[in-house]
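There are 4 protein chains.
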Amino acid sequence: MKIGFIGLGSMGRAMARNLLSAGHELVVYNRTHARAELLQDHGARVVETPAEAAQGVEAVVTMLADDRAVEDVVFGDVGVIRGLAKGAIHVSSSTISVGLSARLAAAHHAAGQGYVAAPVFGRPDVAEAKQLWIVAAGWPGDVAFVQPIFDAVGRGVTKVGAEAQAANTVKLAGNFLIASMIEALGEAFTLARKSGVDPQLFLEIFRSVMTKSPIFERYAGLVADESYEPAGFKMYLGLDNIRLALAAGEAAEVPMPMASLLRDQMLSAVARGMGDLDWAALAKLSAERAGLGGGR
Amino acid sequence: MKIGFIGLGSMGRAMARNLLSAGHELVVYNRTHARAELLQDHGARVVETPAEAAQGVEAVVTMLADDRAVEDVVFGDVGVIRGLAKGAIHVSSSTISVGLSARLAAAHHAAGQGYVAAPVFGRPDVAEAKQLWIVAAGWPGDVAFVQPIFDAVGRGVTKVGAEAQAANTVKLAGNFLIASMIEALGEAFTLARKSGVDPQLFLEIFRSVMTKSPIFERYAGLVADESYEPAGFKMYLGLDNIRLALAAGEAAEVPMPMASLLRDQMLSAVARGMGDLDWAALAKLSAERAGLGGGR
Amino acid sequence: MKIGFIGLGSMGRAMARNLLSAGHELVVYNRTHARAELLQDHGARVVETPAEAAQGVEAVVTMLADDRAVEDVVFGDVGVIRGLAKGAIHVSSSTISVGLSARLAAAHHAAGQGYVAAPVFGRPDVAEAKQLWIVAAGWPGDVAFVQPIFDAVGRGVTKVGAEAQAANTVKLAGNFLIASMIEALGEAFTLARKSGVDPQLFLEIFRSVMTKSPIFERYAGLVADESYEPAGFKMYLGLDNIRLALAAGEAAEVPMPMASLLRDQMLSAVARGMGDLDWAALAKLSAERAGLGGGR
Amino acid sequence: MKIGFIGLGSMGRAMARNLLSAGHELVVYNRTHARAELLQDHGARVVETPAEAAQGVEAVVTMLADDRAVEDVVFGDVGVIRGLAKGAIHVSSSTISVGLSARLAAAHHAAGQGYVAAPVFGRPDVAEAKQLWIVAAGWPGDVAFVQPIFDAVGRGVTKVGAEAQAANTVKLAGNFLIASMIEALGEAFTLARKSGVDPQLFLEIFRSVMTKSPIFERYAGLVADESYEPAGFKMYLGLDNIRLALAAGEAAEVPMPMASLLRDQMLSAVARGMGDLDWAALAKLSAERAGLGGGR
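Protein chains in written order, with my numbering: chain A, 14 to 309; chain B, 14 to 309; chain C, 14 to 309; chain D, 14 to 309.
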């Protein structure tokens, strides 16, 4: 496939190289010209504007830092929209706002062009290893058409529908999950350290109990299915646990704001009659806060 | 080994059965007598008081609901402390407070008895499958002595030192991690649902990206090692991501208190000059809040 | 009145002096004897045990640091309960837990003694100026009987019923309101300072707009009456405001966790259909979280 | 003075009427024409576009709902910028974002026009009573020039400097303080109600202790002066208080997220060695979170 590629940061570079390796023809653009030249040796053609990178290709991939960078590259005077042929497709892999993704979809469709939001999960080393996971959304025909691109850069793709911006929502929600885990780890390790527990031992436990077991996956399944009965572990026992964790933090002088948040949610769950549901029903509370499902 | 076992809820029953299967001799006590009788058929001897369950055994295991239940069973008129021989060991597997565990250690030691805190990770089905993960702490000789018990009920044990209550801290910290993941999942799935994403597709992504990849483990490693440079994903980019997640939540009218917490922590990290560190440095902030490591 | 007084910290000393000035006869006890002697010059009789301070008086006032201090003084071997005559009253002015206050009530009543919880609002200088505000609860006859004590130390009293511990709940809730205002002030002044606004000017505005106007009182009235319609200022406008405050904080790199909390509550209020209510309806949300009033 | 006035909602109408009463000549514009006509009877001239309201006047006041409304009225084809003479001044009283206020300042200055940000504190009834408090910022000459406008609509003005947007920051920070008080009241009244305390009695206490005393003002002074020693009430005692409030909430099943936030901040303060400072030092922590003053 003849593909344009814009944005050669550490993620973009790895993806572009994998596209070349898979035998695709690449036209590349990067604001800092020197970075683009590195790819020239691998067979890419380097151009001077985003518009040129979009000219004459079947699809142009953008992999940029943020909303502003994408706006410049797409809507600018020498932007992608001006260069891309009718029927050709913009594959937007940057992590951008849901709002901008919706605007891009509208603008491309108005110009007779295709738009597929396809943000990826994975750090640069994962990108190099062709192990990215892609979340794609857009008109089904467009998504199917760019499948060879996904095949060349990742290990799999989940298609989340025809509304392109849904893919961006999912990407942001996924990163939020990772950040939540980091903060929780930070609080837990701090508690362990101040309580005299060797961090490497706590790490061993985390691995043994959480990442080498299906525990998180199981809870995700309960949440996806809104299945809170019968309880495997009841909410009121969960509240007890978090209360004790906070007490341990208090004794060791370790503030645990995430634990405080959990306590308040669990206390509310119990106060509202959900004490005997599985503690996965925290998700039920979350839905109700958002105005969903109160009547169920 | 001749073992006493007190507390035959769904967890305790499974553990007791596995001890019998492994060939140990069991004396069991349960407040509700009927439950104990079920184990009689499997070869256990049923007694009428906690003290009797502790008499003449090498170790007595308690697996009870909460602090109060353990206090009653251990310190009561016909409690474990009165029955247990000098040199015999109390293995406390209940999820109890750090403070009570410290009191138990002191009381048993004063009575010339051993005390090992050995809370377990796993739900009843995991206990039945002999797949519990045990966190043990106490005097090394005592911990070594009760190893056959751990072998009979679980798939592994992490020993976290001579201070018994450290095991309880770790257990509480571990459950806190699970609860954090549940709350984060709740908020993320609510965002996905209100944004029109099929929950089953979001579940597929969670599996593909998070539980079938070493991502959480890798971050736990960074946190354990306090290794925040060079950054794989910079804090200020993380802040950008969470900001966009909150904006998506705002547009869909989905409150995300955990995301708000993350935003404030990340904003503080950036304001305090940690913008170019890996976003795992949330753990650094957590440590500093607790009065650790500000000078590093 | 013949009164015992226990606890001569900066608050207690001021109260004891005012009791003497009002003409009451005082028997005082303090753990650190030297402090008690200072009051001797003002006419107080100094004794060696809490029990002695309770002997032969009509009422004994305790003003101590925390739960533990009160427990020692009341339940100890030479404690108040042992010294106090049947029919005499213990006036507990310390800021203690609701649970302990309930236990004190039960213990005194069982001993045929009276118990009035009477925590006070005010710092030591306020106590010296006889300007404390007292919150009293207990059996009406008992509360009426110790009115002369209240008259001698404060400028007013609110009686909140026959259940003594209600007074302690109210005291804790009041201190919580003060602490909330402090944290909010902290965040607001930090935002002002980082935005280049002179803190003294911001202070002038706070005075002019908030403390010299009935604004807080008005909102407290709306909350007390659960009167959220018609709206003076609508919830969705409030959400807008907080959103802009957070954006200002973001631009100035000022984390505002309290503002984040408000944003999430307001967003939930809007998501649940309360957008057109007065923003005082945050209190309605709070009640619902506690399982109150969901049906109204 | 000859004044243009744009935006006749309940706030604007009251302000416009007071300007007329003070003898000023008014040209008014409102998107909904009917509302403007009501002012015609009071002597105002009604025009058809924002630009016309800005033509030939010395100053034009805008009092609109949000950023979008202000952008439309100022930057639109028939907007204020096009109508306003060089040297004439735009007085922006709407509650808008800090960012938009900065943009307005730049645009007006580029056009040779003056710009004063002058948001107001007060609800419609306060506006009618000419009791608004104005926060003004902008070039000193411009601010001085429009003083007659402030005199006609309010009871006072605080000038916060030459950077116009500082006034908007202050307005948002002020509203944040009010919202914080509302949320705190919501949680406190819920605790009181679930604990059986008559809300009207709790209201009486709030009035007596907090709004009829200088307590909030005193704390604001400590925060403004960063004066945390000697302590009137020490941080660790504050932590004790909040802990007891949370325990009371727990017993009554009342989630108190604001109290949880306070607890974590106070625990961090204590962990970081601020336990003996006045609890007003919550503001110190807030400043440090924002990267201010860590070195002091």
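Please note that the accuracy of each hint is not assured.
Since copy identity is lost for identical chains, a pair holds within one copy or between any two.
Stated by the list, open to error - Here are the simulated lysine to any residue pairs, SDA-like style, with alpha carbons at most 20 Å apart:
#	residue 1	residue 2
1	K225	L235
2	K143	F246
3	K99	R136
4	K225	L305
5	K207	G112
6	K143	S221
7	K143	A124
8	K99	A123
9	K99	T62
10	K99	D164
11	K143	A47
12	K207	L305
13	K207	G174
14	K99	Q68
15	K207	A115
16	K99	G288
17	K207	T62
18	K143	G306
19	K247	E141
20	K143	A35
21	K99	G36
Bear in mind the hints are in silico, worked out from the structure with no lab data behind them.
Run through the hints listed earlier and report the numbers of any the structure violates, in increasing order.
3, 4, 7, 10, 11, 16, 17, 18, 21
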